[in-house]
Structure formats: structure tokens, C-alpha cells
Amino acid sequence: MVTPVQIKPKTAEIYLDCNATTPVLPQIAQAVRHVMEHVFGNPSSSHITGLQARYILDSTRRLGRQLVGAGLGRFIFTSGATEGIQTAVLSALTHARNTDHGQRRWLLYGATEHKAVPQALEHWNNILRLNAELKAIPVNRQGLLDLDFIAEHVGAAHMICTMAANNETGVQQDLAQLEQVIRSNNPTIPWMVDCVQALGKLKLELAQTSIDYAPFSGHKLYGPKGIGFLYVRQAAPFTPLIIGGGQEQGQRSGTENLPGIAALHALFELLLNDQQQVFKSTATLCEYRDQLLAALKQAFPTLELNHDLDLSLPTTLNFSVRGMASRDIMDVFDAANIRVSSGSACSSGVTRSFVLDAMGLEDWRSCSAIRLSFGPATEAATIKAACERIQTAAHALRQSCLLIADTSEDIDSNLDGVVQLRFGNQCCYLLIDKAAKEMVVIDPLPELAERIERLVACQHYCVKAVLTTEPQPANSPAAMLAQLLSCEVAQADLDAVGWPQAYNGGCDVPLGCAATVEGCLAVGQRRLFRVGTRQPVYLLSSPLTTDAPAEVDFAFIGDIQQPELIRSMVHDNTLLLSRADDEFRITQRWCELAGHCVNCELVDVALEAQQEWLSKPDTLVIDVREQQEFAVSDLGLAAEVINVPLTRLAQFIYEHRESYQQRPIVCVCRSGHRSAVAARVLARLGFSQVSHLNGGTALLLAS
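Per the UniProt record's numbering, numbering through the sequence shown is continuous, rising by one, with the last residue being 703.
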């Protein structure tokens, strides 16, 4: 087993995801270690060791109260912001259940609030059977809360939840203005303000406001995970979330996390010290942001910011690049050892930003949003290095035709043969002959149209046809793409599936095909045959170098899953490519469609044995990351390494199944997800010694 101490940051990592979490500062880590090793007593014990621990707890609380201006309010140590939010919501809703008697009906929260807030409201509303209705407060395109909506609804609400600064965009709410609207319409409503992103960035004097609850988290500002605190205004409703032991004066039971509290002590000391040099001034942080933004705009000319800089924390940039998915940017940034996130990092399954959706921004911006965030302790050298790496990443994207270059640099994507593009479970195929600079598109998807256009413009392909495997109307995306890209025929010369009428009939039947061929067209040295009319199957040959009959190497079968019909067109080794691929099969053979294939088993190589496996001289490492990721980061392995993105895996299998079927193969990617897909596909297609690197390059141990 790989132990925690064996897992280390990658060389020269630039971490720009501080809104998700931060590294622990050395002086804070030192405080944690000292307490764990030397002041390990229980603060509830009455002996000297316990009294020493109690002093650390009490002095940390005193510093914290001073830092946030807690006055006479409660200051409770928690495990983090989520527990603080839960405690605040439970306290307010318990009070509502005991006092309101059905007079109020809303639970209000900002539409761009962290998901922990509405989920806590929903949970405790159900548990306490309050039967209130959750209502999201709208925001405008700048991310600011709708004050008129609050004024209209807050009078009949049990609780209102807002935030000081948004975790995705850094947008700050005007708390003084909010307070005036809330209190003029409901003087007593419990009001929670999520202050997680505010700590160390905004000056807080909580007791001078009517904010009832303010949760904080240590790991958002250079402390460890698992420690935070909650401010509760004097006389605000309060119900303990955790009972049993009496710690924290009975407000939060359980033995206190003294090492975590010692971390907060070191943090609070820094924040209260006017002479400290660790945390940069607001002016310096704004300079950092301007440098990063200038580098990003140079790298991505179509970049658009998703928030107003004047309304946002200086440590956050949220942007989208027109025509580029956030995943493409994130992957190449990760390969360049720049850590950023797409939208909110709290849920990796999210594919679009609910925050930008709530702000009413366009779909493409929500689906392609990137959040870049640094901390107030970031050094100038880090920002300079990040700007340089951003240019490196953008150069790799231009080389892969994901960005169109404004210069005359030599761009060569090395695409040749079949390329599979995906959106969700839907597949689009590009048939490319590199030497002839010719291409055919099969089953294009609207979401990929701009990417295909960029590739054609970048590589100067002649597009022979844009085909579909079922009829399309004249105004379909496929028809419009054909009209835009086709280099040979007019739109009027195409039938309902995009097939050029000039290529009907007059074809030799490919070897092993017993079906009637309706037509064929040349793609460089390859031949594409059409079988059927209304739901055609397209058969692609390998490059022809003699007058011998063509063999069918690939069959594009659309949605047809009828083994007997397909069998009449293909031979045993033909690779079948479907329009829909729910299980990420990439490609399959006819015997799989018929249900009688015998597949190879994956080789299970434990993570701790990875170095031995990867150092074998005959091992072939297949790096399935995209070309732009591969271009900016060398795996540094002794074994032979080749780059085969999932988009080109079918072509690789066709070209190498005979020469590599018995060779030890390890598939590798960034996280282990893509490599697992590739390894399963290779094993299914007859490669007998295939494994993949669990955990991806993230867990690749240094030699």
C-alpha cells in the first residue's frame, strides 16, 4: 500500500485553487505539530497538562473574538463551515417551530449560495416538520442579491441566509445595504452570513451588525481541514447541534480539536499583527490579479470574465473562453502543473456552474467556466511563474487546434485515420487522411461544431462530406455544417443524409462485404462505402496502395444493433463504431454485437508495484491524455511511452492489435478515469497484458 507520506506534490506545482482549500503555512503547521507532540492534554482535565491545553483554547478564542469583532456574542469552535451552517440553521428553525405558529412560510437563501446552505435548510425543515418553502433570492448579472425581492418576502420568512463573498466568483455583497433592507422589513428574523471567503480578506466587526450567525473555516486561509468557528450574536436563537460531554460551555460537545485550535491561534496572531509580512495588502493582491488576467487574455483572446472586478475579492478570477470546454483548459493547465477548478470544486460531478446560471449568464459561459483563485499569502514569484505557464498551456492548445493561432507558427496535430469525438454518450467521427488533407465528418453534434470548424481551419482540410446515419432536415446542424465546410459540392447536390450525389454507384464491393454498395468516395488513399439509403452504414477501408480490393477496417453503424445485418458487411476484425456509446465501449467487434466474444482479463497491478511494472524494458506505456496535456508534461518514465488519446484509440487498435496484443501495456492518464476506459477497451479487443495506473499521474510516485 502507498502510504500518505509517499504522496507528494508534483515538481514546481503552482496552486491557484485557494477558494477550495489552501496549503498550511509553515508557522501554522509548526503550531499544530508542537501541540500534538507536547501539549496533548484534554482541555477538560484539571491537571497541569490539561490546564496548558485549556490556556491554548481560551487564548485562541480571545484572539478570534478580537479578530471578527464578536463583542458579547458566542464564539464556538467547530469542525468547519458546514457544521457552523448546520448549527445556525438548526437554531433558527427550532426557534421558528417553537414561536412562529404558522405565521411565516419562507426560508430565504441567495441563489448563488454554497450548496451547503439550501441543503441544510431543506434537511432541518423536513426533520423539524416546519413545512416552510425554500425560496432562492434572485441575483442580477453581477451576482448581487435582489433587494426588492428581499423586501417583499423577508417579512414572512423564518430565516434568511446570504454570504459575504461568493466562492466561485468572489462577488461581495453589500452587507450594510442588506442589513438595512432586512431589518426595515423584519427586525427579528434570524440572519446567517456565510463568511468563509471573507476571513483575512474583509474587515469584520460582527457585533456592530445585526448578523445572527457567521460560520468560518480554517482550511480556506492556510489552516488545516477539520477546524472552524461559528459566531452567534448575543441573544440570537441557539440550539446545540452536538450534545454529550458539555464541552464549549455545553454549546458544542466533544473533546476539542486542540491541534486545529492551535492552528487558528497562529493564524489569528498573523492577522492581528500589523507588522507581519505574510499576508499581502489589497493593492498588491489587485496587482497579482491584473498580471494573471493580462496573461490569460494574451493566451485566450476570446476570454470573457464572468464577474465585475470592482465588486469582487482581488484573489478570484472566474472566466470562460468562447468555443472551449472548461475540461480542455483544466486538463492542459493540470499537465502544466497549474491547479485551477471548473466552477465549484466541492462537487466534481457538476458540469456547469449553478452560480453563473443564477446570474443569467449564457449557457456557453456556464459550461466552460474556470475559477482561478490565489490566497493573500501568495508570493510575487508564484504569480510570475503562473503567467509563464499559462502561455505554455495555450501554446499546446494551439498545437492541438483547440485554439486558433494568430501567428504563423507550425501547427501539426498528427491526426490520421479515425478520430472519435464525444458529447455525453453521443459520438461524432472524423475520417482524416493526413497526407491528402482530406476529411469526412460522420454524425456531427451541434456541441462539437465549433471545435470541428477550428480543426478544419487550423489544418486546412478539404471536407469531402458531412454525413449522418439517419435523415436530417435541411436546417439541421449537420446540413449547416456541410454548407459551411464542404469543399467540393453544393448543398443542392446532397441527399437527406448528406451524401454527395456525385458519388453514387460505380464502386467495387469491398472484400468480404455481401451487401449492396450504394456509392463510394475517396478520402485520400482511403475509400468510404455507403450501404443502405435511409439508415446507411458507412464502411471505411485502410489506405489503398495497390489495385487489390479494399478491406473494411471500420464500420460506422449509427444506431443499428442487428448482428445478422452487420455481418453481411464486415469481417471478424472490422471495428464497429456506434452513434451512441452509453458504456464508453469506444469500439467493438462483430462477435461482441452477436454476444459470443471471449475477452481478455485486465492485469491487476497494485499501486505499490507501479515502479517495478513501469520500469520493465518491454512495457509499453499508453498515455491517454489529450495531445495538449502530453505536450506540456513528460511522465519521466524509463519505459517506452506513446500518446494515444481516447479520441484516437480506435485507430490505434486497428493499427497495432497484431504487434502489441501480447506486449505488457500500462494505460495512464491524469486521474485514472480515462486510462481505466482505455484498458477495458484494449482487453475486450484482445490485448492480453493490459493494466492501468490507478489514481493516474496524481499518484505516480517519483523514481
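Since the hints were made in silico from the structure, they are not lab data.
Just to be clear, a hint being listed does not mean it is correct.
[To be verified] When the alpha-carbon atoms are kept at most 30 Å apart in a straight line, the in silico BS3-like pairs for lysine-lysine are as follows:
#1 Lys-203 <-> Lys-115
#2 Lys-203 <-> Lys-384
#3 Lys-203 <-> Lys-225
#4 Lys-384 <-> Lys-225
#5 Lys-384 <-> Lys-280
#6 Lys-434 <-> Lys-384
#7 Lys-280 <-> Lys-297
#8 Lys-135 <-> Lys-280
#9 Lys-115 <-> Lys-135
#10 Lys-297 <-> Lys-225
#11 Lys-225 <-> Lys-280
Hints and how they fare:
no. : hint                : result
1   : Lys-203 <-> Lys-115 : holds, 25 Å
2   : Lys-203 <-> Lys-384 : holds, 28 Å
3   : Lys-203 <-> Lys-225 : holds, 23 Å
4   : Lys-384 <-> Lys-225 : holds, 28 Å
5   : Lys-384 <-> Lys-280 : holds, 16 Å
6   : Lys-434 <-> Lys-384 : violated, 39 Å
7   : Lys-280 <-> Lys-297 : holds, 24 Å
8   : Lys-135 <-> Lys-280 : violated, 39 Å
9   : Lys-115 <-> Lys-135 : holds, 14 Å
10  : Lys-297 <-> Lys-225 : violated, 34 Å
11  : Lys-225 <-> Lys-280 : holds, 23 Å
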